[in-house]
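Could you build all of it, start to finish, from the sequences and the hints given here?
2 protein chains.
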Amino acid sequence: MDFGLNFFPVITPERKSAAQYYQETIRLAVLAESLGFAHVQTVEHYGSPYGGYCPDPVALLAAVAARTSTIRLTTGAVIASFNHPLKTAARLAMLDNLSDGRLDAGFGRGFLPDEFAWFQVPMAQSRARFAEMLDACVALWSGQDVTWTGEFYRFGPVTLLPRPVQRPHPPVYVASATSAESCAAAGKAGHHLQVVPSVASREQLREMLAAYREAWASSGRPDRPRIQIKYTCYLSEDRAEALAAAELFERNYIAHMAGAVAGWAGARSDQYPGYEQFVDKVRRYDFDAALAATKVLAGTPAEVRDQLAAVAGWYGDDLTVSVQISPGHMPYEQSERALRLFADRVMAEV
Amino acid sequence: MDFGLNFFPVITPERKSAAQYYQETIRLAVLAESLGFAHVQTVEHYGSPYGGYCPDPVALLAAVAARTSTIRLTTGAVIASFNHPLKTAARLAMLDNLSDGRLDAGFGRGFLPDEFAWFQVPMAQSRARFAEMLDACVALWSGQDVTWTGEFYRFGPVTLLPRPVQRPHPPVYVASATSAESCAAAGKAGHHLQVVPSVASREQLREMLAAYREAWASSGRPDRPRIQIKYTCYLSEDRAEALAAAELFERNYIAHMAGAVAGWAGARSDQYPGYEQFVDKVRRYDFDAALAATKVLAGTPAEVRDQLAAVAGWYGDDLTVSVQISPGHMPYEQSERALRLFADRVMAEV
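Going line by line, the protein sequences match chains E and V. Following our numbering, the numbering of the first sequence begins with 59 at its first residue and continues without gaps. Following our numbering, the numbering of the second sequence begins with 59 at its first residue and continues without gaps.
Hints are not guaranteed to be accurate.
Pairs count within a copy or across copies, as identical chains cannot be separated in the list.
Said to hold, decoys possible - Derived SDA-like pairs: lysine to any residue, alpha-carbon spacing no greater than 20 Å straight-line:
1) K145 with A77
2) K145 with P171
3) K74 with Q202
4) K145 with Y211
5) K145 with Q178
6) K74 with T217
7) K246 with A275
8) K74 with Q224
9) K339 with S240
10) K145 with F177
11) K246 with P283
12) K145 with T70
13) K145 with P71
14) K145 with V179
Calculated directly from the structure, the hints in this document are not laboratory data.
This is the structure in structure tokens:
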């Protein structure tokens, strides 16, 4: 197991300004590099406190790149449905150059009906757009004089600039929520994987990972797949303090998620089976049950080490665990304390 | 007059890698801040050595933001035709927060037929898209629960995140090439202006600026308009060295511009009157004539001071001159030397 640091801002301007949030994020990223974390990652969301402080992971990671020198930079994820592949490939190649080859390029389909409505993209196109985005980016990064004739985009011949540093192209990660089929497709294509245990059942996630690993193995690739698994972590020497923070910020997360997924009320999409239950799931959210099911990591260092051992048992010990340690509007000092404690007493001992 | 530093990369990977170019750009930007330059700016272009190292000014300026603290950051320019206003407003607001309120948001229409073709946007829409982009960004930055119903985009109600630091919104600059009408519209709307003397005749530019200043004055605004004027500058204590660099890098610029504007051969657009002559103009390029007409600044500090005095005479002494001091694949040490010389012997004495 190794570890990265995840930033998924769930914040309103009344709680913390974006300027302060970015400054703290960069400071934590610099510290994470010095503490031996493998990556920093962040998200793409729009127009709501649920992730809306980061509509562009490339911009925030470009700032992090300028202040770090070894830690990897992961988009977690760029949303294929809302971006043009020529622009996306070019911007990610900029980040690969700004960081001298430290980019992990994560892509997702997006899942919020409001965002699809604002960008006037039908959710029914999300799988096809995702597939086209990945293929086009790999083609643009790897090839010269690329002519693209896809379902959604036609361009070229064009030689992408800048050329990415990593050859033949930066590692591609596929963000998958619940679909074993998508995971198998990613494994077959030789893409790496990003998963989020809080949105899938333990059984679902085990099936997804099994399908992914099997597809990768069948493809006969000599190298090993990389799997990033994302957890929010509430850590303190004082168990009660850790659990109080967990309850406060998990409820904050769920409250803002409720607003962001409200568009699923009465909606249904065959490309998002089960998502119509999102509104209900959020309404029925049970903090104690989430804790008991290890949907978050929380407690003392010894407890979190035990939880990570359980995670390794369920999902494998070859994972990169991407921990969110500064959720919501948590004060900076509290985040830094938890980050240092995680490095000293969790990371160093698992 | 005050001064900014402009980065318009005209480079191939064979001459200098993008990783090296960005590293040098950031280093020069940090130095420019310490030397008292007012801004750093860069461009948006795709898929050719003519600007293609910077497909996203926001990403490069985000990295500069992380290493500077007072210098302003100017997009010169974001291309309205190729970007969604919700995404653009959000990304520029990120940059405004990453820099704690140092963004100057410059917008252009774009003018390269290849780029329009790749993004499948008709050039005939460029003025309408430009107007819609500016109005939508200002609305999103300034308002809450914005519902947008434009010719090209419909979205909302949405409250943009992050909120920009500068209130009611970051300064808007309109990049105008040759149209006095566009300049008048910008002045009337209270937008600032970016102009490029190398693409307009002296008489054209004087008419543009007169139309702009008159429209601004007629609008009754109490504050003054800001005008950025862009020059490439070749400076050395040794006149022959300055002119040799000018000839080398201006010819490099024109050679790559020829490739980028090739799409204008046989093309014609009523939204770009006269642009069909681009191919011919580039073919007939005459270095000595360009020098004699002060299309670039070149020579010893005393000569460049005289050239700037002439510029002030033609166009006004209230300009911000945005100088490109590191053109093409110029070696870093040569750029740094010229930058320091400009600060010491030109900026300090005009």
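We went through each hint and held it up to the structure:
1. Taking the closest pair of Cα atoms, K145 and A77 come within 20 Å of each other only across two copies (18 Å); inside a single copy the shortest separation is 26 Å, beyond that limit.
2. Taking the closest pair of Cα atoms, K145 and P171 come within 20 Å of each other only across two copies (16 Å); inside a single copy the shortest separation is 23 Å, beyond that limit.
3. For the homomeric pair K74 and Q202, the shortest alpha-carbon distance between copies (18 Å) is at most 20 Å, but the shortest distance inside one copy (45 Å) is not.
4. Proximity of K145 and Y211 under a CA criterion of 20 Å is satisfied in both settings, with 12 Å inside one chain copy and 19 Å between copies.
5. For the identical chains of this complex, K145 and Q178 are neighbours both inside a copy (18 Å) and across copies (13 Å), given an alpha-carbon limit of 20 Å.
6. Taking CA atoms no more than 20 Å apart as the test, K74 paired with T217 passes between copies only; the shortest distance there is 16 Å, against 42 Å inside one copy.
7. In this assembly of identical chains, the alpha carbons of K246 and A275 lie at most 20 Å apart only when taken from the same copy (8 Å versus 64 Å across copies).
8. When the C-alpha separation of K74 and Q224 is checked against a cutoff of 20 Å, the pair qualifies only between copies, where the shortest distance is 16 Å, while the shortest distance within a copy is 36 Å.
9. When the C-alpha separation of K339 and S240 is checked against a cutoff of 20 Å, the pair qualifies neither within a copy, at 23 Å, nor between copies, at 53 Å.
10. For the identical chains of this complex, K145 and F177 are neighbours both inside a copy (16 Å) and across copies (9 Å), given an alpha-carbon limit of 20 Å.
11. For a Cα distance limit of 20 Å, the shortest separation of K246 from P283 inside one copy, 11 Å, qualifies, whereas the shortest one across copies, 58 Å, does not.
12. Only between protomers do K145 and T70 lie at most 20 Å apart by alpha-carbon distance; the minimum there is 19 Å, versus 29 Å within a single protomer.
13. Taking the shortest Cα distances, K145 and P71 sit within 20 Å of each other only across copies (19 Å), while inside one copy they are farther apart (29 Å).
14. Taking identical chains as interchangeable, the C-alpha atoms of K145 and V179 lie at most 20 Å apart whether they share a chain (17 Å) or sit on different chains (14 Å).
Hint 9 alone, counting from the list given before, is not met by this structure.
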